[in-house]
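Asker: Could you build all of it, start to finish, from the sequences and the hints given here?
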Amino acid sequence: MTLEPILKIENLQVEYRSREVGQQTRHAVRGLNLSVFPGEVFGFLGPNGAGKTTTMNVLLGFVPPTSGNAFLFGVNVREPIARQRIGYLPEMTYYYKFLTAEEILHFYAKIFGLSRKVANERIDSILKLVELDHARTRPIKTYSKGMQQRVGLAQALINNPDLLILDEPTSGLDPIGRMKVREIIQRLKNDGKTVFFSSHELGEVETVCDRVGILGAGQLKAEGKVAELVQSYQCSTLEQVFLKILDFKLAA
Amino acid sequence: MSAFTAKTIIDFRKDIAPIGSGLSGHANALSSAFKNISAIGGVVIKELLRRKDFYVLFVLTALITVAMGSVNFFNEAKIVRYVKELCLLLIWISSLVISVTTAARQIPFERENRTLFPLLAKPVTRAQVVLGKFWGCWLATGLTLAVFYIFFLILGATRDGQWPIGPTFQALTLHWAMLGVVIAMTVLGSLIFAAPSSNNTITFVAVVGILLLGRHLNKVALQLDEPLQTLVYALYYIIPHLELYDVRDLLVHSWGAIPWLIWLAALAYAIVYAGLFLLGACAMFKRKSVN
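Heads up: the sequence lines are chains A and B, in that order. Sequence positions in the first sequence follow my numbering and run 1 to 252. Sequence positions in the second sequence follow my numbering and run 1 to 291.
Hints may contain errors.
Claimed, not checked - Okay, the calculated beta carbon distance ranges per label pair:
| # | chain 1 | residue 1 | chain 2 | residue 2 | range |
| --- | --- | --- | --- | --- | --- |
| 1 | A | H27 | B | A29 | 33 to 39 angstroms |
| 2 | B | L30 | A | G172 | 38 to 44 angstroms |
| 3 | A | P64 | B | V56 | 39 to 45 angstroms |
| 4 | A | T25 | B | D249 | 55 to 61 angstroms |
| 5 | B | R50 | A | T207 | 39 to 45 angstroms |
| 6 | B | R50 | A | N11 | 44 to 50 angstroms |
| 7 | B | Q229 | A | Q24 | 44 to 50 angstroms |
| 8 | B | V205 | A | T25 | 33 to 39 angstroms |
| 9 | B | Q223 | A | H27 | 55 to 61 angstroms |
Said to hold, decoys possible - Subject to a maximum C-alpha distance of 30 angstroms in a straight line, what follows is the list of computed DSSO-like cross-link-like pairs (lysine-lysine):
| # | chain 1 | residue 1 | chain 2 | residue 2 |
| --- | --- | --- | --- | --- |
| 10 | A | K117 | B | K35 |
| 11 | B | K46 | A | K97 |
| 12 | A | K180 | A | K145 |
| 13 | B | K288 | A | K141 |
| 14 | A | K145 | A | K189 |
| 15 | A | K8 | B | K286 |
| 16 | A | K145 | B | K46 |
| 17 | B | K46 | B | K286 |
| 18 | A | K225 | A | K180 |
Don't read these hints as lab results, they were simulated from the structure. Quantities reported herein were computed from a predicted structural model and do not represent experimental measurements. For each residue, glycine too, the CB sits at the ideal point set by N, CA and C.
Answerer: The following block contains the structure:
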């Protein structure tokens, strides 16, 4: 029996019209095809401006594709129900700063239709998982950056998602914060969750990812298991593969 | 749709939304939409309650109302009519400021602070976000108005010994309905104008213009040449006549309540206009890219 992909992107094309007169249309993503299967941790890599965030924005329904389609659990991402079983962590912490961690989790739990009892149980366990139990009744504006990032992870987990979409989850965190986020991703992987995440930390990607996709100028340049890519490009690390694929010449 | 997909959607409802599982698909979707709208509205109310400027305006209005109501100007008992008029004018201005400034910043601030991203990444439609914002602002304004009018009723009763509950209820509900139209108009404006400040100004000018000139536009049109006459007439029929909801005189002059059928018709008129503005806002927001 073939396994159905949890996340599927078919010939995705995203174009932005330039606001300046005489400027050409900008192609953010060109003909992207990608599949992520249940239980995988997939690393979505690429330099700044490669189209990673745009692709994620399409998956989350923020931006409509110019052409092509994207599916989550076989449902077109244009349908809000496609987002019922996903958790999303944005790159920066974007939460209502006047709410406490507990209040924000109750708000999102209500949106997912969780009953009060289930929500309370889940909030307790998630706040323990992200180590924010002690600060649950404090407004988010009083949190440090690392704590805010962990609120982000907590809200992404509130619906016990099967697929997590994480946009540079360790960006701007100190080494301890990064390690904690990595630990949580590892724990989710062990629980059989599918994780789709973008990152610039190639060492971290190498540690936690089953497969990676490398995007350059809106196109998928390479895709596969880390070990296979390293072998086929005759490199010793993922970083070298990344630089080779993107034709980056190191200064002599 | 593949078998996998159909099963997944059924599983969504079993696992995530067990509430209302006895309901049909449409009823379930409707119940989930109402829950989302009420949750988003709840955040608006919490935000308002935790803002200092709201309290300052609220407490100031309440204090001025109490002070004006308790002072016996010029030792003249009949002056109570003028005091009431001033108190009501103050309530009108204050509630208008609260509703417009609150509604104007909702969606632009969500975009600016990027809190819209984690919200839209949930199974929430953009229409639900618009309706949730409207609901939160309208409910908060309604609660504020209720407190103001109860204050006014008690103060009025202490001055002239009357308890005009019927007219006060009508004035309160009509005022609230009018603010519903204003809030819906402001939410639509917040999707058209980039900055909340320009939306605030334009909405204030439009609302005050309608309140002061709305009822005279047809008479103005008669004095104009074509095609201006048709244009002003069209404007007269298109704009929401907010001045119809200004029934302060009922309370100032201690007149009786207006016929309840007319009151109902006025509420229906407000619902239609608020609905049209919200429909426009939903359509605009649906087309917008958020990135």
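Asker: None of the hints should be skipped; say for each whether it holds.
Answerer: Each hint tested on the structure:
{"no.": "1", "hint": "A/H27 / B/A29: 33 to 39 angstroms", "result": "37 angstroms, holds"}
{"no.": "2", "hint": "B/L30 / A/G172: 38 to 44 angstroms", "result": "41 angstroms, holds"}
{"no.": "3", "hint": "A/P64 / B/V56: 39 to 45 angstroms", "result": "42 angstroms, holds"}
{"no.": "4", "hint": "A/T25 / B/D249: 55 to 61 angstroms", "result": "59 angstroms, holds"}
{"no.": "5", "hint": "B/R50 / A/T207: 39 to 45 angstroms", "result": "41 angstroms, holds"}
{"no.": "6", "hint": "B/R50 / A/N11: 44 to 50 angstroms", "result": "47 angstroms, holds"}
{"no.": "7", "hint": "B/Q229 / A/Q24: 44 to 50 angstroms", "result": "48 angstroms, holds"}
{"no.": "8", "hint": "B/V205 / A/T25: 33 to 39 angstroms", "result": "38 angstroms, holds"}
{"no.": "9", "hint": "B/Q223 / A/H27: 55 to 61 angstroms", "result": "57 angstroms, holds"}
{"no.": "10", "hint": "A/K117 / B/K35", "result": "16 angstroms, holds"}
{"no.": "11", "hint": "B/K46 / A/K97", "result": "11 angstroms, holds"}
{"no.": "12", "hint": "A/K180 / A/K145", "result": "13 angstroms, holds"}
{"no.": "13", "hint": "B/K288 / A/K141", "result": "29 angstroms, holds"}
{"no.": "14", "hint": "A/K145 / A/K189", "result": "25 angstroms, holds"}
{"no.": "15", "hint": "A/K8 / B/K286", "result": "24 angstroms, holds"}
{"no.": "16", "hint": "A/K145 / B/K46", "result": "23 angstroms, holds"}
{"no.": "17", "hint": "B/K46 / B/K286", "result": "26 angstroms, holds"}
{"no.": "18", "hint": "A/K225 / A/K180", "result": "24 angstroms, holds"}
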